[in-house]
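Quick mapping for you: the protein sequence lines, in order, are chains A and B.
At position 93 of the first sequence the residue is numbered 74 (the numbering used here), and the sequence of numbers has no breaks.
Throughout, the numbering used here is defined as the position within the second sequence, counted from one, plus 1176.
Simulated from the structure, these hints should not be mistaken for lab results.
Note that the Cβ used here is the ideal one computed from N, Cα and C, for glycine as well.
Heads up, some of the hints might be wrong.
Unchecked claim - In silico lysine to any residue, SDA-like type, Cα no more than 25 Å apart, as pairs: (1) B/Lys1189 x B/Asn1242; (2) A/Lys(-13) x B/Met1244; (3) A/Lys151 x A/Arg67; (4) A/Lys151 x B/Lys1221; (5) B/Lys1228 x A/Asn10.
As the list claims (entries may be wrong) - A short, non-exhaustive set of chain A residues, derived as facing chain B with CB atoms under 7 Å: (6) Val5; (7) Ser6; (8) Gln14; (9) Phe17; (10) Phe34; (11) Tyr38; (12) Ile111; (13) His155; (14) Leu161.
Said to hold, decoys possible - Part of the chain B face toward chain A, derived, beta carbon under 8 Å: (15) Gln1197; (16) Glu1199; (17) Phe1239; (18) Pro1248.
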Amino acid sequence: MENVIKQKIKQIKKGDQAAFEDVVSFYQNKVYQICFRMIGNAHEAEDLAQEAFIRAYTNIDRFDERRKFSTWLYRIATNLTIDRIRKKKPDYFLDAEVKGTEGLNMYSQLAADQALPEEEVESLELQTYIHKEILALPPKYRSVIVLRFLDELSLQEIAEVLEIPVGTVKTRIHRGRETLRKKLRHV
Amino acid sequence: MNCKQEVIALMHKYLDDDLTQPEEKKLRFHLQSCSDCQAHFHELKRTISLVKSSSPISAPGDFTANVMSNLPQQKKRNHYMR
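Isolated chain A, as found in the complex (with noise of 0.2 Å):
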């Protein structure tokens, strides 16, 4: 597929925009995932995860084909969300409300879709407060466990991402996890 995708980048810096869309709908659902995770918004997400394609498409001619796509595609995601996760501090409170009020429409949505048995509703009320949690780590932290256990990249290509040693990687993720442990024991 990494071939696919070289040939891709090819059409797409020769004024291809077909090849593109073919890339967007490769990604999607990585990026938009990685903008969620760390942004805990679902509006937010779609677009910083859009912007993410539409500046790697405006700065296609700057990517060093040598180098692997996707490294460089979740770097500018991770850029933009932490950028604007910074940004929002100011409003976090507010945010804390949206973000309970994104619940509860989850669970009216599902409400209204069908009555889910006891278990199921269990495990989505786990589920939110698990990634509440992890929305609540500092944002260096943040972006390193969800690189690595959601995203499931491994310790090189996150450093790549980020542009950190592998070793900061690892320190980040070791005091995440401690973070986290703390917060999920109990759970």
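Using the hints provided, position chain B relative to the given structure of chain A.
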């Protein structure tokens, strides 16, 4: 206390798939006799299982179409490159 810090570091290396064989022996040996560290290790492993249990999230159905419709206008590119 310092001993515990060292063991906890080994736990994280284990979870990173980074332990050497002597380190693994050391960790296992310590866990056999220290219930506090056993509990700590169990909590760490469970934490990661919980995080990983989150369902994958998919992009909205019209995501690709929206990206394409928001791309900047296509500029003519020079097809003759040296």
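Just to be careful, I want the Cα atoms of lysine 151 of chain A and arginine 67 of chain A compared with a cutoff of 25 Å; is the pair within it? With Cα atoms ~23 Å apart, lysine 151 of chain A and arginine 67 of chain A stay inside 25 Å; holds.
For the hint on valine 5 of chain A, just tell me whether its beta-carbon gets within less than 7 Å of chain B. holds (5 Å)
Checking hints one by one. Is phenylalanine 34 of chain A an interface residue toward chain B, by the C-beta closer than 7 Å rule? Constraint on phenylalanine 34 of chain A satisfied, holds at 5 Å.
Are the Cα atoms of lysine 1228 of chain B and asparagine 10 of chain A separated by 25 Å or less? holds (17 Å)
Given a cut of 7 Å on the nearest C-beta pair, is the interface hint for isoleucine 111 of chain A held or broken against chain B? Check passed: Cβ of isoleucine 111 of chain A comes within 5 Å of chain B, closer than 7 Å.
Would the hint on histidine 155 of chain A stand, with a C-beta cut-off of 7 Å toward chain B? holds (4 Å)
Straight-line Cα separation of lysine 1189 of chain B and asparagine 1242 of chain B no greater than 25 Å? violated (43 Å)
Going by Cβ atoms only, is leucine 161 of chain A closer than 7 Å to chain B? holds (5 Å)
Take the shortest C-beta to C-beta distance between tyrosine 38 of chain A and chain B; is it under 7 Å? Holds: closest Cβ of chain B sits about 6 Å from tyrosine 38 of chain A, inside 7 Å.
Close enough to count: is the Cβ of glutamate 1199 of chain B nearer than 8 Å to one in chain A? violated (14 Å)
If you take the shortest Cβ to Cβ gap from proline 1248 of chain B to chain A, is it below 8 Å? holds (6 Å)
Lysine 151 of chain A paired with lysine 1221 of chain B [C-alpha distance capped at 25 Å]: The given pair, whose Cα atoms are some 16 Å apart, holds under the 25 Å limit.
The structure fails to meet hints 1, 15, 16 from the earlier list, while all remaining hints are met.
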